[in-house]
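*Asks:* Spelled out from the first residue to the last, the chains are:
2 protein chains.
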Amino acid sequence: MIPYGIYVMTTKGSDGAIAAATVNWVTQTSFNPPLIAVGVKADSGAYAIATEAGTFALNMLGKGQQGMAFGFFKPVEVDGNKVSGEVFTAGPETGSPILEAAQASVECKIVEVVKLGDHHIVVGEVVGANVAREPEGRADAAILEMKELGDNVFYGG
Amino acid sequence: MIPYGIYVMTTKGSDGAIAAATVNWVTQTSFNPPLIAVGVKADSGAYAIATEAGTFALNMLGKGQQGMAFGFFKPVEVDGNKVSGEVFTAGPETGSPILEAAQASVECKIVEVVKLGDHHIVVGEVVGANVAREPEGRADAAILEMKELGDNVFYGG
Numbered sequence: 009m010i011p012y013g014i015y016v017m018t019t020k021g022s023d024g025a026i027a028a029a030t031v032n033w034v035t036q037t038s039f040n041p042p043l044i045a046v047g048v049k050a051d052s053g054a055y056a057i058a059t060e061a062g063t064f065a066l067n068m069l070g071k072g073q074q075g076m077a078f079g080f081f082k083p084v085e086v087d088g089n090k091v092s093g094e095v096f097t098a099g100p101e102t103g104s105p106i107l108e109a110a111q112a113s114v115e116c117k118i119v120e121v122v123k124l125g126d127h128h129i130v131v132g133e134v135v136g137a138n139v140a141r142e143p144e145g146r147a148d149a150a151i152l153e154m155k156e157l158g159d160n161v162f163y164g165g
Numbered sequence: 009m010i011p012y013g014i015y016v017m018t019t020k021g022s023d024g025a026i027a028a029a030t031v032n033w034v035t036q037t038s039f040n041p042p043l044i045a046v047g048v049k050a051d052s053g054a055y056a057i058a059t060e061a062g063t064f065a066l067n068m069l070g071k072g073q074q075g076m077a078f079g080f081f082k083p084v085e086v087d088g089n090k091v092s093g094e095v096f097t098a099g100p101e102t103g104s105p106i107l108e109a110a111q112a113s114v115e116c117k118i119v120e121v122v123k124l125g126d127h128h129i130v131v132g133e134v135v136g137a138n139v140a141r142e143p144e145g146r147a148d149a150a151i152l153e154m155k156e157l158g159d160n161v162f163y164g165g
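Heads up: the sequence lines are chains A and B, in that order. Using the numbering used here, the final residue of the first sequence is 165, and nothing's skipped along the way. Using the numbering used here, the final residue of the second sequence is 165, and nothing's skipped along the way.
All clues given are correct.
Covered stretches of chain A (in silico footprint by chain B; criterion: 3 or more residues with CB under 8 angstroms from a CB of chain B, positions within the stretch not fixed):
| no. | segment |
| --- | --- |
| 1 | 9-16 |
| 2 | 116-122 |
Below, in silico cross-link-like pairs of lysine-lysine (PhoX-like), each with a Cα-Cα straight-line distance of 20 angstroms or less:
| no. | chain 1 | residue 1 | chain 2 | residue 2 |
| --- | --- | --- | --- | --- |
| 3 | B | Lys117 | B | Lys49 |
| 4 | A | Lys49 | A | Lys82 |
| 5 | A | Lys155 | B | Lys155 |
| 6 | A | Lys117 | A | Lys49 |
| 7 | B | Lys155 | B | Lys71 |
| 8 | B | Lys49 | B | Lys82 |
| 9 | B | Lys49 | B | Lys123 |
| 10 | B | Lys123 | A | Lys117 |
| 11 | A | Lys123 | A | Lys49 |
| 12 | B | Lys155 | A | Lys71 |
| 13 | B | Lys117 | A | Lys123 |
| 14 | A | Lys155 | A | Lys71 |
| 15 | B | Lys71 | A | Lys155 |
| 16 | B | Lys123 | A | Lys123 |
These are calculated hints, taken from the structure and not from any lab test. Where a beta carbon is used, it is the ideal one built from N, C-alpha and C, also for glycine.
Next up, chain A with everything else stripped away, as it sits in the complex (with noise of 0.2 angstroms):
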């Protein structure tokens, strides 16, 4: 019954690979310092990019961006400065790729990894974040949901 929204987390690897996935097992876990769990498939680039490298990014999508989404489950294509189609800079604190059309970003330092159960725990602490575009009305009702993937939809990756 856990209600999620839909993310697609970056990383950079410390030899340029790039990585970016759809995920949603996302959750805020403290306010001071500012800390995110992010549940990432153990055996998938994004977590041996983002362990290796100590940084990500969550890149937020908003409402009617369901082809990002579905963009982002498969292997991403790095072509100058699109990543499977997306324009993204490098962003300012981590050098994860913020994707231009994201709705907002958050810069993350992994501080730490719980390494069990299939998908590990990611504990990142927010060092930066950016809204690219301003949410009309509550932000936490400006992204988009997974129930908003479709009716056999219950998992981004």
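Given chain A, work out where chain B should sit, using these hints.
*Replies:* What follows is chain B alone, placed relative to chain A:
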């Protein structure tokens, strides 16, 4: 921008003390084994009792149960089989209070606690689940949501 459902976390200490508190920082983090992570205020009674007991339950509130959510923002009062006015039974797997009026509940055994920040991350393995009232349609559309608690409520506890 992270959207949240609303839950009442319950637990029973080895001395019989009962805690029940509204929480919202919840996400699943693994399919196998089924794990969930909950951000719990580190200086709260619910945190102290749950970590001592090693078990807890999450009671999922349904649409319209705002009153219960606000009721468990306050200190609990236990009176026989009621906690803060809500009838409960002992969960079969953990003894944690299961609220009769909740839409569904899961019982968890704590497998890890990440002690970072003002709230700690309590990681529980789901060892029992009960659906009191089968939701119509998607389960993740049936839960009471943070944004339904009022225009100025952004955090549940």
